[in-house]
Amino acid sequence: MPDRLSVRKTYKLYIGGAFPRSESGRSYPVADPKGNFVANASQASRKDVRDAVVAARKAFGGWSARTAYNRAQILYRVAEMLEGRRAQFVDELRQAGASKSQAAAETDAAVDRWVWYAGWADKLAAVTGSANPVSGPFFNFSTPEPTGVVAVLAPDSPLLGLVSTVAPAIVSGNTAVVVASEPAPLAAVTLAEVLATSDLPGGVVNILTGRRAELAPWLASHLDVNAIDLTGVADDQEKALREAAAENLKRVLRTAPGGWDAVPGTERMTAFLEVKTVWHPMGI
Amino acid sequence: MPVADFGDAGVVSTETLNGVAELRAFLRGLPGVDEVGASERAARLATRSIKTSAKAEAIDLAISMVDLTTLEGADTAGKVRALCAKAAHPDPADASVPRVAAVCVYPDMVDVAVRALDGTGIGVASVATAFPSGRAPLAAKLADTRAAVEAGAAEIDMVIDRGAFLSGDLGKVFDEIAAVKDACGAAHLKVILETGELATLDNVRRASWLAMRAGADFIKTSTGKVAPAATLPVTLVMLEAVRDHRAATGRQVGVKPAGGIRTTKDAVKYLVLVNETAGPDWLSPEWFRLGASSVLNDLLMQRRKLATGAYPGPDYFTLD
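So the sequence lines, in the order shown, correspond to chains A and B.
In this text, residue positions in the first sequence follow the working numbering: the first is 1, and each later residue adds one.
In this text, residue positions in the second sequence follow the working numbering: the first is 285, and each later residue adds one.
Chain B extracted, bound-state conformation (with noise of 0.2 angstroms):
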């Protein structure tokens, strides 16, 4: 089908919904998930040897994929401002390593990151709709989202509600999306499944093909706040909705697994799979992000190990 028929990217879905029926009849009709076949392509794709130049390059895109993320009760500005810091120069040592996609925090934060990041052009994304839990009335995560935009927030990551979808509301989950969205304006709307609270993977593709529809410019597998957080065969599920989405729509998603990616090797695992299931498309910050902060240090320490032949320790990087 023509792009054109579908308008820009970003805007809000221009498919033309024909009530909660035809919704409810179009995620139903999607085809099942093979779950034993999507763990062992997985965990195939897993077993890929990245080594020498390849790893380097890898890493080096990894960090410029990473959404540095800090969402804790305990957060400060001063934390924040840190962050910030380490944003724009991962390695203060080494003026070559790139920086990294955006930094994620709490919406009451997000004017003091864009303060601290200001000139640099990291974006900064704030989770809104009553992060984690998604448990607010309406009215309220609009005015979370609103705030966040007007703050200066160019991502909004928002949560959908797991109760409404797994009790089969998705008319209320696929509305509020779009409001959210509309609440938005011009700042890209990341919607978080909390894949880990949706049991299956037949509800991961649901879920992903609902947020697409609704007008979501990413997909995002979790909180962070709940385990089983990402895992690649939920990653692999959503790359094959947006790569399908693509082909059926023109309109590209990005997708972004957050929570549980503490190494080097499970971000290189994640990048093969991306290659491999949606493409290199998708192979870039404006299509792929990695929701993490402790896989950062990880990807600095292997960058060095590269560079200087012995291994580094986490002594000599900063902790946070």
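Just chain A, same shape as in the assembly (with noise of 0.2 angstroms):
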């Protein structure tokens, strides 16, 4: 009996809580280390970045307006789908050329992870803000507040360093865009799937896939992105990307390379917020 055909997958975009193909029609191919034919990957293009931007925007107000406590429990439901779709990223991760035991320990980690920062939720307040003292009958409060559109430039990490630079960013409330690993996107569509049947509004996590230097000027000249985070890309870039992001002073994070992957602390979420004090009369 002949063997059966497998049904395989195409990877795309990941835009409004929709998967399209890129507008432009184009696709690359992704290979595993040894230069092996894994699979075609869309190759966005800056139309398909102004979509995710628009996108993203659209889901801002919602998604920052949900209480924290509400938030956290969606970004727990996303790691519960993370759990239950373990071995189908530990395939992923083999193929991008991880051993059985490193992709094994790689989505734990990125679980793990996801879990952490899906905690922080209800917390950052507590941390970040204060009461602050002030020399009048007033109370005096600063909160953190989400800053809007963050542009994520992922590391070349498939998972975890997606995972490490996506969670914080919308912990706060911040939607994003994210430009997922260049040579090893795989994963990055499949963690799509995961966020698409997680509760998570469409829009909040937008992903492209395709040519991370031809992406990353669009995003951090768009004046509708109001941070970015250049974890990602490669040294000679940074420094136009810096300067075009200034343009509308977006708020930028570059951690050193690997930096991602270390115990992660508070640094990641708190880049992407911005403090409000208010004011109160105090009652007689």
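No lab work stands behind these hints, which were simulated from the structure alone.
Every value quoted in this text rests on a predicted model; they were computed, and no experiment measured them.
A virtual CB, placed ideally from N, CA and C, is assigned to each residue, including glycine.
Treat each hint with caution, since some may be false.
Unchecked claim - In the BS3-like style, the derived pairs of lysine-lysine whose C-alpha atoms are separated by at most 27 angstroms in a straight line are: (1) A:LYS34 <-> A:LYS100; (2) B:LYS339 <-> B:LYS549; (3) A:LYS34 <-> A:LYS12; (4) B:LYS589 <-> B:LYS335; (5) B:LYS509 <-> B:LYS549; (6) A:LYS100 <-> A:LYS12; (7) A:LYS12 <-> A:LYS47; (8) A:LYS47 <-> A:LYS58; (9) A:LYS276 <-> A:LYS58; (10) A:LYS123 <-> A:LYS276; (11) B:LYS589 <-> A:LYS47; (12) B:LYS339 <-> A:LYS47; (13) A:LYS58 <-> B:LYS549; (14) B:LYS589 <-> B:LYS339; (15) B:LYS335 <-> B:LYS549; (16) B:LYS549 <-> A:LYS47; (17) B:LYS335 <-> A:LYS47; (18) A:LYS12 <-> B:LYS549; (19) A:LYS58 <-> A:LYS123; (20) A:LYS9 <-> A:LYS34; (21) A:LYS9 <-> A:LYS100; (22) B:LYS363 <-> B:LYS509; (23) A:LYS9 <-> A:LYS47; (24) B:LYS549 <-> B:LYS589; (25) B:LYS589 <-> A:LYS239; (26) A:LYS12 <-> A:LYS58; (27) A:LYS58 <-> B:LYS509; (28) B:LYS363 <-> A:LYS58; (29) B:LYS589 <-> A:LYS58; (30) A:LYS47 <-> A:LYS239.
What the hints assert, rightly or not - Distance ranges between label pairs, derived from CB positions: (31) B:PRO421 <-> A:THR277: 52 to 60 angstroms; (32) B:ASP402 <-> A:THR10: 53 to 61 angstroms; (33) A:GLU145 <-> B:ALA379: 33 to 41 angstroms; (34) B:ASP378 <-> A:GLU243: 21 to 29 angstroms; (35) B:ASP402 <-> A:PRO281: 39 to 47 angstroms; (36) A:ASP199 <-> B:ARG399: 51 to 59 angstroms; (37) B:ASP378 <-> A:GLY35: 48 to 56 angstroms.
Claimed, not checked - Sample of chain B residues facing chain A (criterion: CB under 8 angstroms; computed from the structure): (38) TYR595; (39) PRO598; (40) TYR600.
Two chains, two separate frames, one set of hints: put the complex together.
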């Protein structure tokens, strides 16, 4: 009896809760470390960037207005779904070149990292906010607020690097446009499927695959993007991207190479926060 | 047929109406519209690629055709004045942006808009005749129209009586349009067909001809209060009607799609449709208008994208 023909997945983009192909119709071959063909991934264009930013902006109002407790629940749900697809992620990481034990370890670490950040949703305000002593009959509070749309240029680590840059950006109420790892984008598309089935509203995370050097300048110069995470870009591009980002005073985060997989602190979350201070008259 | 036989464009139609029977026979005699063909043709034209310098020209042309509109129950004099300021200087940071064609408001706001636009050369258009439903006695509709014209409106957007049209009382619709045209005096009359309620493209074609024969200076798709508002196939049929009407009578009538036009891409599709259907004679604010408000910000953003090379954000344009 002939072998059954396998049904292979078309790896597409994730924009506004849907899985479109690139507007440009382009794709690029993804290979394993030995150079063997694995799959074709969509090669996003600047117009996909534009669409993704529009989707992220549209989702920002609803996502940032949710209670921190609800955001935590949703992010924890994402971790549950990640766990449920553990075998698939392990397979995809092995295709990207990891050994069996490395792939299992990275997947576990990614789930744990996601849970760790999910727990921060309702604690950030307590840790980074403050009640300020002022000279007058006022309560004076500073509370953290999400900054808006965050562009994330994820590092090459296919899953842990992605999770470690996306989760801290959205946990505080920001929405994100993510450019996934260029050589190993497949796990990112699978992560998009996890996000799409986890009650995360469409548009909160938008994932593009393609040439980082082509997409990064459009995100850096986009005036409707409020912050940019340059963790995944090459050193020789950093200066130009920082200059483009300065046009509308984007918050820029760039951690040292490899820094993303260190034991996380709050830096990646606080980098994309603004502070709102309110003066409230005291009762008599 | 020579133009001279029909007098000046803009004057009440000099065509003699031999009673309702002739009108009915004429409208029934219009060829039917191939709905699938019209949709296909509109969709085909919408795929035209307009880029770089052609796009820059299209954007400026589209801006100059916008009837900047606010028709809300919550309108205030302040909001109308803000809109007028935007009409005169759509992008305050860039003086090369053309001004819009007109500002469209409810009749009681005409006075405010006229004063705010004094000296800018921008006309004030006013909806009238119990907009948007049109369900009011004729005397009230005429009073509504006269009040708007007296307050200084240069253009009147009237609605037809869709109930009468759909029940076949074409004479009533015709007489109302003619009476309102008379009440307009020197003001231009735009006749809103409310195509979303006319059900078929055949009806759109008949209503277009009915309005043109009754003296309309412009035919307009929709009030914007009914879905679907303007669509490409409906506008295609109306553009064919004005083209054929000019060929038959020599009198040119304008077209105004309104409602549902939100992006630059939408606006450019309409411009392509005009050029390919009615012809370049209609590609000016005098003969083609876009009834919209949100599209202006998108046009301005696209304009700035072409100028600076970076995508702009809505934070840098007015909320209205």
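Any hints from earlier that this structure breaks? Give me their numbers in increasing order, please.
Going through the list in order, the structure violates no hint and respects every one.
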